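Kindly generate the complete structure, drawing on both the sequences and the hints.
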Amino acid sequence: MLELRNVGKTYPHTVKRTLKDINLTIEEGEFICIVGPSGCGKTTLLNLVAGLEEPTKGEIFLDGIPVKGPGADRVVMFQEAALYPWLNVLDNVMLGMEFLGIPKEERKNRALKYLKMVHLSQFTEYPIHQLSGGMRQRAALARALSMDSKILLMDEPFSALDKQTTNMLRGELEQIWMNDHSKTVLFVTHSAEEAVYFADRIVVLSENPGQIKEIISCDLKRPRQIDQEEFVHMRHRLLESVKKEVEKFAKEEYDKN
Amino acid sequence: MQKKSTTKIKKGLELALFLFLLVVLWQILYMLFVDVFKIWKPYSAPSPAGVAFSFASLLKSGVLLSALLKSLGRGVAGFAISVIAGLILGILIHHFSYLNRNLKPVIMGMQTLPSICWVPFAILWFGLNNSAILFVVVMGSAFSIALGVDDGIKNVPPLYIKAAKTMGAGQGDLYLKVILPACVPSFLAALRQGWSFAWRALMSGEVMSSTIGLGQTLIIGRDMADINQVMLVMLVIIFAGVVIDKCIFTALENRVLRKRGLM
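Same order as they appear, the protein sequences are chains A and B.
Just so you know, the working numbering puts the end of the first sequence at 257, numbered straight through with nothing missing.
Just so you know, the working numbering puts the end of the second sequence at 520, numbered straight through with nothing missing.
To be clear, the hints were calculated from the coordinates, so they are not data collected in a lab.
Just to be clear, a hint being listed does not mean it is correct.
[What the hints assert, rightly or not] Pair by pair, the computed Cβ-Cβ distance ranges are:
1. A:Ala160 / B:Ala446: 23 to 31 Å
2. A:Leu100 / B:Ala508: 31 to 39 Å
3. A:Pro12 / B:Arg358: 15 to 23 Å
4. A:His190 / B:Ala508: 45 to 53 Å
5. B:Ala446 / A:His190: 37 to 45 Å
It should be emphasised that the depicted structure is a prediction, and the values quoted were computed from it without experimental measurement.
Just so it is clear, CB atoms sit at the ideal spot from N, CA and C, and this is done for glycine as well.
As structure tokens, then:
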């Protein structure tokens, strides 16, 4: 269980990019999406949970233990694949497990298992620069899954990919998550469609200060189809909520000038 | 692959032809200004034929080869010391912000000092010997390597470090398995630049001292008013510097860059 209690984050010398009074409890196995206007602090929130940044107020607990710094129980998948160009695909996937001190034989078996799961079995020996963007994110996903962390943090992992690749990877991630229902996922996205596709609950953040505006429960049947009536309805409802925020923010910006 | 190697040969031939034309031009100028107009004195202007003759006689007597080997050995030794000193210094000025703020500007200042300025100190402290030359070489190249190392570590993409941290990498793992491998291309570039500084510093040192080496052979040429020998040694210094740069440093750098898809 992941708990955020009164979490706030302000940066010195800037008014923007602040988070305020974030209270959120995430149960094991939940898929949570965080949406909001750009610059509202979605990524900051994720970084706080990851331990890459420290909150200036409040605390974050994972299974009752306060989060202090980054750790392998909260693996992050970034917008870019963050693979290491001096290692091939297999060695990249194995490196994460190496940090955990897992013996070599098991590292390899596990890496191959997850690479198969993301359909990269044929590419284990490839250097990173020969992979397409989609394949890189697949390899990064395999690496993240192989770490067997309690929580998977995803920061717009598909946003730099083309539409078709994104759709395919979404399907794969959903499949993997459904097969292993104990995996908690915290997924930042700016796409309402993506949020409705994945989420058990959608956290809508407001802008300036970044606060939780509302939490939308999303209990559509899985696997979800984006042309389902309920899906379209839910997506519309979410878009409205975010749109109001964007408009509010835009007005404030114009008024300043 | 086939295409690549033929363009390489083409480029090589083009360069060879250009150098040949330079030599022809040199010969024409020599004949014009020395033989026809008599503006230049033969003892102050080298000629291609004279240099070739000088090359043959120095090669035959073994002077050239032993000087070259001595200089190369000294260059490699001095460079090796520089690499170790530069690496340590570079990591230190990167790691400690106090040193980064205060020592780094000093090192940058030292880096602007031509290495020949260290020669008086070198001779006073070590005498006219090998150690003096090594000192000049190290002072001439270690600072450049240190700055290159600091720069290389600084330019590691933050994402590499963030990703490693969220996968539970400790400080040791972070340095050994992420930061250092990520730095290899910039380290190689720093070493390459360090070598060119070392080679130049070596010649400054050798010219001033009296131990066997290319620098000394050059000075002997001057003392004997043999301008062809001076010119020959200059060409050998250029040639040796270029060959080491291309065959070792550039080759190594290209291999690493190609493996990482950076070229």
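Quiz item: Could one say that the CB atoms of Leu100 of chain A and Ala508 of chain B fall in the range 31 to 39 Å?
Solution: 37 Å, holds
Exercise. Go ahead and decide if the range 15 to 23 Å is satisfied by the Cβ distance of Pro12 of chain A to Arg358 of chain B.
Key: Roughly 20 Å apart at Cβ, these two residues keep to the hinted range, so it holds.
Exercise. May I ask you to test the hint 37 to 45 Å on the CB atoms belonging to Ala446 of chain B and His190 of chain A?
Key: 38 Å, holds
Quiz item: Is 23 to 31 Å a correct range for the gap between the Cβ atoms of Ala160 of chain A and Ala446 of chain B?
Solution: 29 Å, holds
Quiz prompt | Hint check for Ala508 of chain B and His190 of chain A - Cβ pair distance inside 45 to 53 Å | solution = Because 46 Å falls inside the window, the suggested range holds.
Hint check: no violations occur; every hint is consistent with the structure.
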